Structures are given as structure tokens and as C-alpha cells.
Amino acid sequence: VSGEEERPTIPGRGSGGRALVPILASVVLLGAVVVVALTTPGGSGPSPSPPPSSGPGPSPAAGQVTAHHGRFWLGSRPIVLRGVLMPLSGPASRFARVASWGMNLVRLQVNWARLEPSPPTRGPGGSWVHAYDQTYLARVVGAVRAAQAGGLWVVVGNYRDRLTFFGYPDWLYRPAFNSHRMTYPRTHRGFLRAETDFWTDPLRQRLTSEMLRDLAGSLAGVPGILGYEMLNEPQRGTLPLTRATVQRIVDWQASAAGGVRRADPPRVVFFMAINWNDVGLPVADLSGFVNLGNASLDFHDYFGARWGSGWLQDRRDPAYHLDNEHVFATVSISPNATAPYIGSAWVQERQIRAVLDVLKPTGITLMVGEFGDYAGDPGIERLYGTMTSAFNALGVSWATNWLGIVTDNVTATPEPWARIVIAAARAPAPPG
Amino acid sequence: VVPALAAVLVLVLVSCARPAATASRPTARWSQGRPLPPSFIPRWDVTAAAFPPKGQVILFGGAPKLPTETWRNDTWVYSGGTWSPGPPPPPGLTPRGGVAMAYFPTIRRVVLFGGGDGRWPPALTDTWLYDGVSWAPGPAAPPGLLPREGAGLVYDPAIRRLVLLAGSGLTGYSDTWLFDGVEWTPGPPAPAGMPPREFFGMAYDPSMGKVVAAGGSGRTDVWSFDGSTWAKGPDLEAGPLERVHMAFDPRLGGIVLIGGIGPGAATDEAWLLRAGAWTRVETPAEPRPDPRLDAQVVWFAERRALLVVAGVADTPRGDVAFADTWFLE
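Residue numbers (my numbering), protein chains in the order written: chain A, 1 to 432; chain B, 1001 to 1329.
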């Protein structure tokens, strides 16, 4: 789910888990993280480190976490990461609080629209001169440092800002800053057109890559950063759901990740296929990220888990391997949605196994960067329970949607179901 | 002359074989019974079982299809061609869906086990007994019998026990438990390659003398239980159906599996397992029930037909459920 940094809210999803319907300036939130134990070098490896348990005080998140061989690693030891997605704003104390729940990860929502509110200017040799908001950048650095001091590794997320119509800086949608020379109308159709055009827009792609590169460069050396997200829940607009579309989206992210890697070499780069549930992943050629190394696939779990494995089951369907099951596949994460969660832990496991099966030959590490539900869902306890059970059973790292932990105040009393997530965070990691 | 005679002989053999093949294809027809009354809220995860002493079929519980709904603990009774509300749930028989339920002739009770609700972790391991009038608590489950929903439960007359298989709780299960009317005891361990499953078909086939379990695993695997061990096969011809149920039909002489989903859309097909092979049951185009998941299937001896009731439509959100009743006869 896309997000911004104010109060997390979740918009309705398009039916069938296809392209997210842009609810105008809505798009929202959280995300997060991490991983799996598929293969270990040389067979049986060391057991993953469990997340830190609550103690007298938080220990800083020390050391650089990496991703390879299907796992996250802290040095030579596999590590399982469990945490939450959070807005950038909030008191520093929240990180220690999250760590006290047994968590060791936070996925921070960074918004390009706030980082670069003013458009870049032309520089020499066809370059662009960016003017980043240093105050906002300092907030990002401050939040990372506070999280690290509180005991959490940080994924820097590239989330849309719902205070802008398109989610990214408004100036991108003016003729001077896109190759299509378009002023995109602030309508549903304009939004879809902008989403579609991005994939054939060298200028917007370049400006996005430069922002990601510059952000990573600014944060290079700041301790506690696990990695950077290229795009949160990439949208294909009206591009056809084909292998070519999937590949275009994945390859662009790999290209952008190359720039991020050069700017801040030790960090993990995170990518997605299409949308929240990585539509098209089974047909994607991930060699761009395999070659890059130290990469992780982010998967957002909003699977209804009543049957199936999340992937389209019918091999006779032309969209097989390109789409997800359209029936009962998603939970209702919107107050106006209609499907309560009644899924099971076992079907959730089947979904995660399906993703792991795709990733296994690549060695790319899986992170479930988002999962959660609308508070009014009668099955909300069950959702958090079945999902965290599945993740933990498979040794997959995860970050829950902040919305599911508290209400609208990050220091508020956790919702009743937070106990389930906290217990899952404290559960021992499965043996290696 | 010899080749000509041979050719004639071949033609005769072929022409004889064709009618024989047609004759062996199972056929049946659908007819509609009275639906559940409007006070029945269509739902997910309802369970049905026959209660032969009174010629009843009972429905119990279910899960919500809309956020405004919740898990249920109501009982509905089909008798004399009509559905009516059954006895109120006693304290302790809490709202739940996906219970395992089957008639146990030795004690002349319908036995209900477990189920799931909105709470986590799953905690329902209670057993309840229905005597045709009311529900009463049964024996407590032993520690190893973990809470679950979507398990299969069938009476095996050869061993005079109910056989409970699989389901999902903290994770998916493939274990077997036996109930003798007094206590639950562990059954044989699942053989290698027998995956967990939930909301699947399970029925006893007297011609085989075995309990058969099919579907619900995401695979086409079918397993049979001879009272001591599980053995594999024959695989489902219909593909890896899930949310599917089945019952033995003495008229067709085999186990009939109805509906389900995956791969692709939900189906309205019926498949017969007879003499070690699955064959699609031929039925007229009309009338027939809508394709659906979780159609409950019970042999209704009074009508000598399979009674098919409830289930969920194949819609994007899963918010359309059925209250209709059909007979396959």
C-alpha cells in the first residue's frame, strides 16, 4: 500500500488485486521487510538470530545487514528481521518502544515530494541540479539515527505522499519535467496516464533515479540503514499485463538500484514486481538484481487465504503467472470494503512458499514489507495471527502495517490485536 | 476374403464397445428443494451432517461474508422437506466456522469438533454431541489434538470410530485422530508426501471399505484409509480442487465430489470415484445449482439422493453465499 507520513489510512483496493485504484490524493502507507531462510551456504548453517527480546534498555542496531542466499545476514550469521512500518514523523521514543516489543526493524516512509518540493534546474552538460529540502533530509537522518539507537535497522521506503495528487512531486507532472511534455490532469484518467507514461518517460525515470541516488548518497555512512526501496508498489497504469511489462518495471528498478548501490555500496536494495503482491513475479527475469547482489524482494501480504496460493492457479488462463487469484484473494483493508478476513495460517504459508519457490533459484531474499487490515474487520485478530504464524514458520522477515499496531498516535495504547504481533515478534526464529 | 472378414470383425467389436462405454458413464439429475428460510444468513464455512435416526440433515455454524456479520453458532435442521431453526446453542458452544461434524451410529449422535473463529490463537478443541433434540458437551480433547478448522470427519464402520483428518490451526495439519464415542486417540501418522489440507472432501466408501480424502491441499492427491494406514490414489481428474466436499452415493455405487474451486473458476461439476477411478457425472444442463465453493454434501437416505446445500459463490470478494438446497439423484 502506498503511503504518506501522516496518519496511516488504507484506501480500497481495486477488485481482483489488479492495479491499485488511485483514490486521488490518497494512496497510503506502510511497509517493511524481510526475509527468509531458503538456502545457506554449504548446507546447514548457523541458526538465525532471534530478534532482541525486551530488556532493561535497547541496544543499538549495530553492523550492516546484508541479503544473500535467500536470507538476511548480520556478518556471517543469518538474522530474522521483524518490525513495523512507520511514518517519518514522531517522537524518537517510539523506536525504543517498538524494540521493547521484540522487534528489530522499522520501515520508514520517506516522501520524495517532501524531499524535493522544488523542481530541479538545468545544469551544465544536460545535467539537473536538485535542491533538496535540507530540513526534511535532516529529519530523515534524525529518524534513522534514533531508530538505530533504539535498536532497529531501517529500510528507507520510497512512499507516495498523499498530500500530493500523484504521490510524487507535483512538478514532475508539468511539461518541463517529463518526456511526454504533458501537463497531467488531476483526474483519475490523468493519474492512470501518468502511471502508464512513467515507463516510457526517460526524463521522469532519470529524475526518480537521481533522487534515489542522492538520498542514498546523503545517508551513506549513517549507521543502522538496512537498505533502500526503489519504488513502493510499482503501478503499471494501463500497460498490458504481460511479461514485457513486468520485465520493464523490474529492470528499471534494477537500473535505479545500480545508482543507489554506487552511492551507498553496503546497503540492501529492495524491489517489487507489480503492485503490492508482486504480480508477474513468476515470469520476471530477476538477473538484474541477481547480478547486483545484496538485493531483497519486498512482498506485501494482503491475501485473503481462503484457498489457493495467491498465484493464479489455472494454467489455461492466459494471465497465468502474470496475475493473482481474483477470487477471495485480498482482504478488505478499507472501511468500505466488503470481505472480512477468514483466512488460515496454512493457506498463508502456501502463498509465502509460492513466492519463496520463485526466489529460490535466484538467492534473492524475501521480505514481507507490509501486512495489515482495517480495524473494523471482524477477523483482524485472525489476520495478524495467521500471517505472522506463516512468516515465522518459514523464517521470513516481516514488518507490519503501523496502522495495525496503534491507532492514530504512535505513542498511543496499542490496539488489542497488537499482542498477537508482539508475541510473534518475540517468538524464536526457526532453526537454520 | 480374410482381410475383409477381419475388417468386419473389427467394426463389429468397435460398434459393440461404444454402447458399453456410454452405459458405464454415470448419470444423474439435479432437482431443487426448499431453500433455507430468510432468517438463515448465508455464510462461509458452514458444516452439514446427516442425522439418520430422525431423517434429518443438520447445519451448524459458519463464518462471516461481510464485515457486518460474525461467526455463528446456530443449528438448522432439514426434516420433512423443510429447513427450520434447530436447538439453541448451549453455553460453551460458541460461534465458529469450519467445524468437523459427522454422525456416529454407535452412540446415535452427531459429533462436532473444533472449528475456528475470529480469535487468535485458535483455541477450540471442544467436542459436542447432538442427539436430535439438543447439543451436549462431549469429552475433552487430549493435548495433542490441536485446535483446527476445515478438518474432515467421517465414520468408519470397519473400526467403529470416527476418523478426523487434517485442518488448519496454528498451521496446516495432516494428522489423524480417532473417536470411539468416549475419547479421542491419535491415529496413524501421516505418510510421507501427505500434505496438510483444509475444507476438503472426506467420505467412507463401503464398497472399498475405506475412508477417502480428496482436495483441499492445492494438489490432486487423494488418500484412502483402511483403518490402519493411509495410501495414495487415485488422483483427482478434476484438478486440484479446494473448498470441496463429497459423500458416498449408494445408487451410483461410489463417492461423489461436488463443486469446489481451482484451477480457474468454481465448478458445478460432480465427479464419481468408483472402482478406483474418477469419472465426471453427466447431468442435464438445466436445472442445476450455481457453481460454488464449500457446497455441503450429505447422503439423504429418505430421498435416496445426495442433498447439497449452502456454499459460496465465485465472486471477487467472496461476499455472495447460498441458502438453496439441491438434490442430485
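Since the hints were derived computationally from the structure, they do not count as laboratory data.
In this text the structure is predicted, and so the values were computed from the model without any measurement.
Some hints could be false.
One side only, chain B facing chain A, incomplete, derived with CB under 8 angstroms [unchecked claim]:
hint, residue
1, W1120
2, A1123
3, T1125
4, L1170
Note that CB positions come from ideal geometry on N, CA and C, so glycine has one too.
Here is what the structure says about each hint:
no. : hint  : in the structure
1   : W1120 : holds (3 angstroms)
2   : A1123 : violated (11 angstroms)
3   : T1125 : violated (16 angstroms)
4   : L1170 : holds (6 angstroms)
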